[in-house]
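Q: In case you want the letters, here they are:
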Amino acid sequence: MKKLLAGTAMALLLMPGLAAAEPKSLADFKLADRIAAKVAAGEELNFFVSYQDVSNEFAPQIRVGVEKADAMDGVKATFIGPVGSDADAQINEIEALMDTMDGLAISSVSTDALAPLIDRVLAAGIPVIAYNTDNPDSGRLVFAGQDLVQSGVEAGKLMGGVMEGKGKVMILTLDAAAQWSLDREKGARDGLAAFPDIEIVQTVNTGSDPQEMYASIENAMLANPEVTGLLSLECCTTPAAGSWVDRNQKAGAVKIVGFDLLDQTVEMVAAGSIQATIDQAPEAQGFAAVDLLARFLKGEPIDNLDTGVGIFTKDNIASVMKQ
Amino acid sequence: MVDRSVTAVKPGSGGLNRLRGRETGVFVALVVMCVALTLMNDRFLTSTNLLNIGRQVSLLGIMAVGMTFVLVSGEVDLSIGSTYALAGIASGMMIISGFGLVPAMVVGLVCGAVIGLINGLLSTYGRLPSLIATLGMLSMVRGAVLILTDGRPVTVNLRNGADPDVLAQFQFIGQGYLFGIVPMQLIFFVLVAAAGWFLLARTSFGFRVFAVGGSAKAARVSGIHVQAVKIWAMTLMGALAAFAGILSLAFLPSGQAGRMGMGLELDVIAATIVGGTSLAGGEGTILGTILGVLIIGVMRNGLVLTGVSPFAQEFLIGLVIVIAVAIDKWTTTPHRA
Chain A
1431 MKKLLAGTAM
1441 ALLLMPGLAA
1451 AEPKSLADFK
1461 LADRIAAKVA
1471 AGEELNFFVS
1481 YQDVSNEFAP
1491 QIRVGVEKAD
1501 AMDGVKATFI
1511 GPVGSDADAQ
1521 INEIEALMDT
1531 MDGLAISSVS
1541 TDALAPLIDR
1551 VLAAGIPVIA
1561 YNTDNPDSGR
1571 LVFAGQDLVQ
1581 SGVEAGKLMG
1591 GVMEGKGKVM
1601 ILTLDAAAQW
1611 SLDREKGARD
1621 GLAAFPDIEI
1631 VQTVNTGSDP
1641 QEMYASIENA
1651 MLANPEVTGL
1661 LSLECCTTPA
1671 AGSWVDRNQK
1681 AGAVKIVGFD
1691 LLDQTVEMVA
1701 AGSIQATIDQ
1711 APEAQGFAAV
1721 DLLARFLKGE
1731 PIDNLDTGVG
1741 IFTKDNIASV
1751 MKQ
Chain B
273 MVDRSVTAVK
283 PGSGGLNRLR
293 GRETGVFVAL
303 VVMCVALTLM
313 NDRFLTSTNL
323 LNIGRQVSLL
333 GIMAVGMTFV
343 LVSGEVDLSI
353 GSTYALAGIA
363 SGMMIISGFG
373 LVPAMVVGLV
383 CGAVIGLING
393 LLSTYGRLPS
403 LIATLGMLSM
413 VRGAVLILTD
423 GRPVTVNLRN
433 GADPDVLAQF
443 QFIGQGYLFG
453 IVPMQLIFFV
463 LVAAAGWFLL
473 ARTSFGFRVF
483 AVGGSAKAAR
493 VSGIHVQAVK
503 IWAMTLMGAL
513 AAFAGILSLA
523 FLPSGQAGRM
533 GMGLELDVIA
543 ATIVGGTSLA
553 GGEGTILGTI
563 LGVLIIGVMR
573 NGLVLTGVSP
583 FAQEFLIGLV
593 IVIAVAIDKW
603 TTTPHRA
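Protein chains in written order, with the working numbering: chain A, 1431 to 1753; chain B, 273 to 609.
In case anyone wonders, no lab produced these hints; they're calculated from the structure. Please read these numbers as outputs of a predicted model, since none were measured by experiment. Idealized CB from N, CA, C, for every residue including glycine.
Derived contacts from chain B toward chain A, CB cut-off under 8 Å, selection only:
1) L418
2) R531
3) G579
4) P582
Mimicking SDA-like on lysine to any residue, the simulated pairs with C-alpha atoms at most 20 Å apart in a straight line are:
5) A:K1680 x B:G448
6) A:K1598 x A:V1631
7) A:K1744 x B:R431
8) A:K1498 x B:R424
9) A:K1598 x B:S581
10) A:K1680 x B:I453
11) A:K1598 x B:T578
12) A:K1616 x B:S581
13) A:K1616 x B:P582
14) A:K1680 x B:Y449
15) A:K1680 x B:T320
16) A:K1680 x B:L323
17) A:K1680 x B:Q447
With the rest of the complex left out, here is chain A (with noise of 0.2 Å):
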C-alpha cells in the first residue's frame, strides 16, 4: 500500500495525464436485461478482472487491487487470465464466463486479437473497460493505466538526463514486438530527441528467460562498448542491467534508467547503480479497473484514468524499500 501511495502521490507532480474521453454514461449503454435486473434489484454485481498473463510479476500486485475492490459492498471482483501471454485462452476464457459476468476489465495479451471479443462482449450488453494496457481498437467504454507512450517519453527524458544530453544509449526490451513494448519505444525514443547528443545505438530483445535477458545484454555491450546508457522497457530487463553493471565495474560510467519496483531494482537504486526507475502502480491499475465498472453501474459517468508514472531515484526510493 505505502508503494502505490508513494507511486500515485509521484505521479499526481509528473505526468500530464491520459487525454480525456468523452464521459461514459450507462444512459448511453445497452445494458443486458439480466444485469439491468440485478442493478435495480441491489444484487452482487460479478465483475471479472481479466489480465494477459497471470503468471507474470504484476499479476500479483494487481490482483491485490483486485482484491481489495472485491472488499466493496456490492460487487464480487474475480482475477482471471491466461498463464503466460496467451491471447487464444484469454479469448476462451472470457467467451466461457461471459454469461456469468456484470462486467469485464481486461488488459489485452493482443490488442488486434482481442478488439473483436471486446466488441462482441458489449454487443451483449455487457460493460467493458480496458486497464492497465489500453485496446483503443476496440469499443471498451474507458481506460485505466498508464498511457505507455507517455511513460516510455518520460523514461527518454530521464535518460537524456541521467546522461547530461551525451552519449550513446542502447533499449532493452524482453519483448520487441509485443504492443506495450512498441509503445513505450516510441515513447522513449521521442523522449531521447529531445537530445541532439543522444544516439540510440540498437534495441535489444533479450527475451524473458533471465539468463537470456543477462547474456543478451553481456553480448549487446560487448559488441558495443561505447553506450554510456541503457534504456530498459519493462520491470525485468531493469535489474538485468544493474547487475551487469555491478559485475562489470560500471556503476555511473553506464547510466540505466528502467521500470518497476521490483526488490533487485529497489535495492539496486537505492545502492547507485541504476539512476531511476518508474513506476506504474499495478495496485491501483487492478483496484480501478473494478472500481470503473461498479461506478458505470451505478449510473455515475466514467472517464479515462490515469494511474500515473510514478519516478523513483535514490533521492526517494527509500519511500517503497521493505523494512
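Given chain A, work out where chain B should sit, using these hints.
A: Just chain B now, kept in the frame of chain A:
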C-alpha cells in the same frame, strides 16, 4: 567412447566411421562459424567474449548432457524448463528461509530427480508416450511453482532473510570465478560433461542406454531391464535440470515462476539434436552435444555482436538448426543403407 555406443546399435567399423564423421561435421560447422564471426567482428575472438560464451552456454549444456541420455534411450523430456524453475526457486526459498546451502541444494536436486523419476515411471510402467507424460509434467510443475510463489519473484538477498555466509556461498557457485578467470558455471558444465561422457561411453549403464534406444525389443531379449534404464535416464535428466536451475538462481539471484526456464526445453533439445543425437533414439554422443550447445551459443553471441536485428536473429537461429540437422541426415543416410 564411440565403440560402445555404436556397437550397441549397429555393430561394425562402418558405424564407428559414421559417428566420427558426424562429430567432425558439427565441429567443422562450428569452426566455420567462428572464423566467419572473427572476420566480421574483432570483438568475437577475445578471451572475455569466449569466456562469456562459455558461461552463457553452461546451463544449456548441463541440461543437454541429460537430454542426450534421454534421447539416446528413445524418450524425450519436455518438462525440464519447469523443473529448472521449480528447483531453482525452491532452493532460493529455502536459503531466504534460513537454511544452509547444502540442504537447499539437496532439496532442489531431489525435486528434480523425483520429477524425472515420475516421468520415467509414467513413460514405462504407465505406458504413456514420454512426449505426453512430460508435456503434462511441464504444465503441472509450472503450476506448482506458481502456487508455491503465488507468482511473486523470489530474490535471494540479505534483505529477504538469507544468512550472509550462505548467501556468499550461493553467489560463488553462480557468479564466482575459479582463479579469478573461469566462471564457476563453466567449471560445473565441464565436470558434468566429463561425468556424462564417462557414464555414457565407458560404463555398462551407457551401453544399456544405447541398446534400449536402438531396439528396446532386442535389448529386452538380451536381458537388459529396459524400463529401469529409461527411468534412470529420465531421473538423471531431472536432477541435471534442477542443478542448472539452482545455478541460474545463484547467478541472477532473483527468479519468477512465470518466466524462469520458459521454453528452455526446446533450446536444450535443439542443441542436443544439432550435436547429432537422434530423436529416434540409439544414437548420440556427449562430445556431439557439447558441439551442438556451442553452435547455438556462438550463433546467439555472434548475431548480437554483428548487430543483426532481434527478429532476424530468431529466424536465423531456427534456420541454422534446420540446416545442421538436414546436413547431418543427408550426409549420413547413405552409410546406413
